[in-house]
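Input sequences plus hints: build the corresponding full structure.
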Amino acid sequence: MTTKKKEVKRRDFLKGAATGVGVGVFAAMGMYSYSDARKEMFPKVERKQKDIGVCRSIHVTNISETSWFDNATLIGDIKKGGGLLVNQYDYNWPPFGNGKGLGKGSYADGMAKIKEFLPDRLDEAWDVVLENCIHPENAGGYSCLVEMEEMDGNKRKFLLDSGWSYKWMDECFKREGIDTMLRNKEIEALFISHEHFDHYWGLPVTLKYDPEITIYIPEGFYEEGLQYIKDCGHKGEVHTVKNGLFEVAPGFATYVFPVPIICRVYGEQSLYFNIADKGLVSVTGCCHQGIIRFAETAYQEIAYENDNFHGIYGGLHISPFDDWDPKYDDLVISLGKYGFERIGCNHCTGVLCAKKFINAGYPVVEGTAQFRSKDTAYLGNGDTITFG
Amino acid sequence: MERYGTNYLEERKLVKRWSGPTPALLNLLFTLIVFYATWWFFHDPRGVMRMYTPYVGYMYTRWWLIVMIWMVYLFNFWPFKRKWLESTHPLTKGIVLSAVSVGVLYILIKGFFEGLLGNYGLAYFNPDQLVKLPGITEFFAVEYSCLAILMFAAIASWLSPAWVVAMEEEPWSKLPQPAKGFSMLICTFFLSTIVYFVTMHPHMGILYHPWQSFTSIAPPYWEKFANTVSGNFHVSWIMCCTVVVWLVETIWQRYPFNLIRHPWLRRFALFFGIIAISLAMHFFLYFAQELTWGEAIRGTRRAFAPDWRWLHVGEMAIFFLVPALFLHFYCGNWPKKFSMPVNVLVRTIITLVATIALYIGYYKVSHLFLGTQKGFSHPQQFPMIPMIWLVNIWLVNHWFMDNWPGWKMVPKTVEEIEADHVAHQAEIDDVRWSPSLGAGLGMGALAGVAFYAFTIYALPGLYAAVDILK
Numbered sequence: 001m002t003t004k005k006k007e008v009k010r011r012d013f014l015k016g017a018a019t020g021v022g023v024g025v026f027a028a029m030g031m032y033s034y035s036d037a038r039k040e041m042f043p044k045v046e047r048k049q050k051d052i053g054v055c056r057s058i059h060v061t062n063i064s065e066t067s068w069f070d071n072a073t074l075i076g077d078i079k080k081g082g083g084l085l086v087n088q089y090d091y092n093w094p095p096f097g098n099g100k101g102l103g104k105g106s107y108a109d110g111m112a113k114i115k116e117f118l119p120d121r122l123d124e125a126w127d128v129v130l131e132n133c134i135h136p137e138n139a140g141g142y143s144c145l146v147e148m149e150e151m152d153g154n155k156r157k158f159l160l161d162s163g164w165s166y167k168w169m170d171e172c173f174k175r176e177g178i179d180t181m182l183r184n185k186e187i188e189a190l191f192i193s194h195e196h197f198d199h200y201w202g203l204p205v206t207l208k209y210d211p212e213i214t215i216y217i218p219e220g221f222y223e224e225g226l227q228y229i230k231d232c233g234h235k236g237e238v239h240t241v242k243n244g245l246f247e248v249a250p251g252f253a254t255y256v257f258p259v260p261i262i263c264r265v266y267g268e269q270s271l272y273f274n275i276a277d278k279g280l281v282s283v284t285g286c287c288h289q290g291i292i293r294f295a296e297t298a299y300q301e302i303a304y305e306n307d308n309f310h311g312i313y314g315g316l317h318i319s320p321f322d323d324w325d326p327k328y329d330d331l332v333i334s335l336g337k338y339g340f341e342r343i344g345c346n347h348c349t350g351v352l353c354a355k356k357f358i359n360a361g362y363p364v365v366e367g368t369a370q371f372r373s374k375d376t377a378y379l380g381n382g383d384t385i386t387f388g
Numbered sequence: 001m002e003r004y005g006t007n008y009l010e011e012r013k014l015v016k017r018w019s020g021p022t023p024a025l026l027n028l029l030f031t032l033i034v035f036y037a038t039w040w041f042f043h044d045p046r047g048v049m050r051m052y053t054p055y056v057g058y059m060y061t062r063w064w065l066i067v068m069i070w071m072v073y074l075f076n077f078w079p080f081k082r083k084w085l086e087s088t089h090p091l092t093k094g095i096v097l098s099a100v101s102v103g104v105l106y107i108l109i110k111g112f113f114e115g116l117l118g119n120y121g122l123a124y125f126n127p128d129q130l131v132k133l134p135g136i137t138e139f140f141a142v143e144y145s146c147l148a149i150l151m152f153a154a155i156a157s158w159l160s161p162a163w164v165v166a167m168e169e170e171p172w173s174k175l176p177q178p179a180k181g182f183s184m185l186i187c188t189f190f191l192s193t194i195v196y197f198v199t200m201h202p203h204m205g206i207l208y209h210p211w212q213s214f215t216s217i218a219p220p221y222w223e224k225f226a227n228t229v230s231g232n233f234h235v236s237w238i239m240c241c242t243v244v245v246w247l248v249e250t251i252w253q254r255y256p257f258n259l260i261r262h263p264w265l266r267r268f269a270l271f272f273g274i275i276a277i278s279l280a281m282h283f284f285l286y287f288a289q290e291l292t293w294g295e296a297i298r299g300t301r302r303a304f305a306p307d308w309r310w311l312h313v314g315e316m317a318i319f320f321l322v323p324a325l326f327l328h329f330y331c332g333n334w335p336k337k338f339s340m341p342v343n344v345l346v347r348t349i350i351t352l353v354a355t356i357a358l359y360i361g362y363y364k365v366s367h368l369f370l371g372t373q374k375g376f377s378h379p380q381q382f383p384m385i386p387m388i389w390l391v392n393i394w395l396v397n398h399w400f401m402d403n404w405p406g407w408k409m410v411p412k413t414v415e416e417i418e419a420d421h422v423a424h425q426a427e428i429d430d431v432r433w434s435p436s437l438g439a440g441l442g443m444g445a446l447a448g449v450a451f452y453a454f455t456i457y458a459l460p461g462l463y464a465a466v467d468i469l470k
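In the order they appear, the protein sequences are chains A and B.
This note's numbering applies: residue 1 is where the first sequence begins, and numbers increase by one.
This note's numbering applies: residue 1 is where the second sequence begins, and numbers increase by one.
Covered stretches of chain A (in silico footprint by chain B; criterion: 3 or more residues with CB under 8 Å from a CB of chain B, positions within the stretch not fixed):
1) 12 to 20
2) 70 to 80
3) 256 to 267
4) 316 to 330
So the derived list for chain B, only partly shown, Cβ under 8 Å to chain A, looks like this:
5) Pro45
6) Tyr208
7) Ala305
8) Tyr452
None of these hints come from the bench; they were simulated from the model.
Being a predicted model, the structure only gives us computed values, none of them experimental.
Note that CB positions come from ideal geometry on N, CA and C, so glycine has one too.
Here it is in structure tokens:
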């Protein structure tokens with residue numbers, strides 16, 4: 001009798017305990033998880049304050065920011081090709097067209113048609129491209145020249161990205177004298193921000209003038225992207241930059257962010273310059289990681305002059321297709337807190353976003369809207385900006 | 001009077017064709033094959049229709065789920081007669097009922113949302129209206145309208161089943177079909193509309209430039225406490241509600257709310273209890289991300305953005321749904337041998353462990369099979385879509401096909417139905433207040449708090465140790 005009574009009590013206890021666990025868990029979750037007290041649990045972030053040195057100034061020349069000329073055409077291709085998650089090498093865009101139509105391309109097929117012409121006979125390659133690719137006339141590209149002045153007055157030149165269309169980029173390189181600089185080996189390295197078509201597929205245009213140029217690509221390139229460097233006839237060094245900080249020269253470092261990006265691209269490399277007496281300048285290709293993330297990473301990882309964010313140049317990846325989303329307004333609202341003193345944006349920032357920045361009173365450096373750039377709200381093709 | 005399918009799910013006996021785990025494994029294999037084939041055909045960016053743009057595929061996936069809930073839970077299979085449900089081959093039933101659900105889905109999207117609302121009410125429900133906006137491309141016109149329609153779906157997929165699970169179909173439970181179904185449909189649709197206007201419409205209002213301040217609250221009222229103007233804050237807790245409704249209905253057997261004897265007190269307690277549990281989940285899953293990835297930063301993109309974190313709460317919640325439904329549909333809601341509270345706790349633990357495994361597995365390999373992108377925070381990646389698509393396949397299999405091929409359906413006798421009711425009531429009556437129960441409740445609550453404290457203490461280390469994306 002006593003035994004039975006004990007069993008019953010133990011059973012009741014278990015029933016209560018099982019119920020109580022749920023009550024306790026959910027009560028704690030609800031009351032603590034979004035309270036201010038939770039912040040005590042956050043991992044303490046210690047600023048690493050890595051010293052990357054300083055440089056005197058940088059001067060950026062916008063070789064081309066028009067990655068494509070018509071949003072509706074590009075995004076129409078993407079829509080009909082299967083959306084933003086399709087492998088970029090499958091769209092049948094230039095230069096990897098195989099003549100099979102939208103969404104049915106392949107790197108191998110496309111490359112087989114043009115390989116013999118790379119990198120020197122780009123006109124002939126482009127003729128083949130015109131026959132086999134979807135909307136070759138819409139391809140443009142993103143590329144800029146960064147001239148850095150060191151503290152002793154020595155000047156060094158670097159190329160960020162190599163655009164997309166062979167034809168358009170060759171015109172732009174000639175317009176800005178990049179062809180001559182490359183031939184003369186004045187430009188010491190090409191940094192590729194990420195594997196996207198509009199930043200990377202114009203690689204042969206750089207190699208046409210300097211096939212031995214040193215190339216830095218971010219970790220995360222796919223097999224096709226790595227093969228492309230070889231197939232383009234590159235004869236110099238290729239460095240795959242690992243995720244995180246990479247010091248290039250006094251006052252100049254890159255940072256690779258492991259971010260997933262549309263069209264099956266992964267990882268982005270952006271540039272930091274520490275300008276003496278001024279502060280940090282961020283130079284980006286597309287900035288898929290986000291400019292705030294880029295700034296916060298700098299704050300945590302490196303030391304820079306006056307602890308000050310001095311400037312931005314490049315694509316800030318807000319509304320590249322004239323699309324909008326309320327979360328982009330979060331950026332417009334919060335960017336002001338970071339105190340950038342000069343904002344030179346273009347490309348995937350989007351015209352609407354640049355206009356919102358201007359309306360918010362941010363120090364946006366406006367452009368001339370020349371050479372097929374669309375609006376003066378940002379720095380267009382051929383425009384320049386100096387920091388320091 | 002024709003009962004159509006009233007209580008059909010409860011009054012069918014699913015008999016295993018083979019003993020042991022074979023039927024469950026067979027059905028898992030069968031449904032996974034159907035999932036992958038249909039995923040490739042409809043959604044996969046490398047497939048045929050490529051609807052994973054992503055919002056087009058997402059919208060149809062969410063509304064298909066709701067249409068099936070309407071057909072089964074609200075309309076009890078009306079107008080299909082009980083005899084047809086009991087005597088037709090499961091494959092035929094699956095095909096016919098699925099075809100009907102897809103037909104209703106198409107009429108709803110094209111006729112109601114795009115045609116009626118989009119042309120005569122809110123332009124953003126119709127891409128043809130949106131494309132008239134200067135600068136907007138056809139692609140984003142379609143994506144925006146699909147986003148609006150699927151935001152509505154998120155609410156409806158919580159409220160429609162909640163009316164059956166929590167409100168027990170009242171006050172219309174005694175009405176014959178289709179009056180009962182239409183009553184609940186109109187009521188839940190009306191409530192969904194109100195919730196949509198105060199949670200999602202302001203999001204759409206600031207989607208356009210300039211902000212539509214005279215037709216919506218812009219910037220939205222939640223900006224301060226959500227740390228974003230994005231409506232993903234609401235997507236988060238509403239998705240949790242959608243999941244909790246099903247947890248309550250399946251592995252929790254409506255426990256402990258079923259202990260409340262007063263009908264209306266029980267119904268309201270359950271309805272608002274689902275919301276309360278969901279809010280706890282919503283805040284915790286956001287906190288879990290802060291612990292593993294660091295504090296969110298307003299204005300940034302991807303994994304560090306508050307809007308993405310809120311969205312990811314909803315995505316994490318969906319991972320709970322998959323093992324919970326599998327346990328219920330294919331494992332007979334195992335275990336059943338203990339008291340109801342202990343059974344519920346064991347099932348919850350199993351679901352939790354399976355959820356974590358599924359989450360890790362998904363992010364490790366999904367990009368290899370589903371045509372999605374590697375990484376947690378790709379702007380076009382929504383694990384909710386394949387998860388709900390799989391759930392949809394399971395609902396077709398469980399509701400429309402009586403778990404074929406692993407099971408066959410035999411109608412229960414009147415005596416068996418009565419015995420089920422008695423057994424269920426006995427399970428409820430088994431949980432009675434006693435000093436031992438009270439002591440257990442107190443100790444359990446302390447253990448629950450301790451478990452929570454341990455979890456948030458251990459999460460950063462556990463996350464770092466697993467390193468999912470490598």
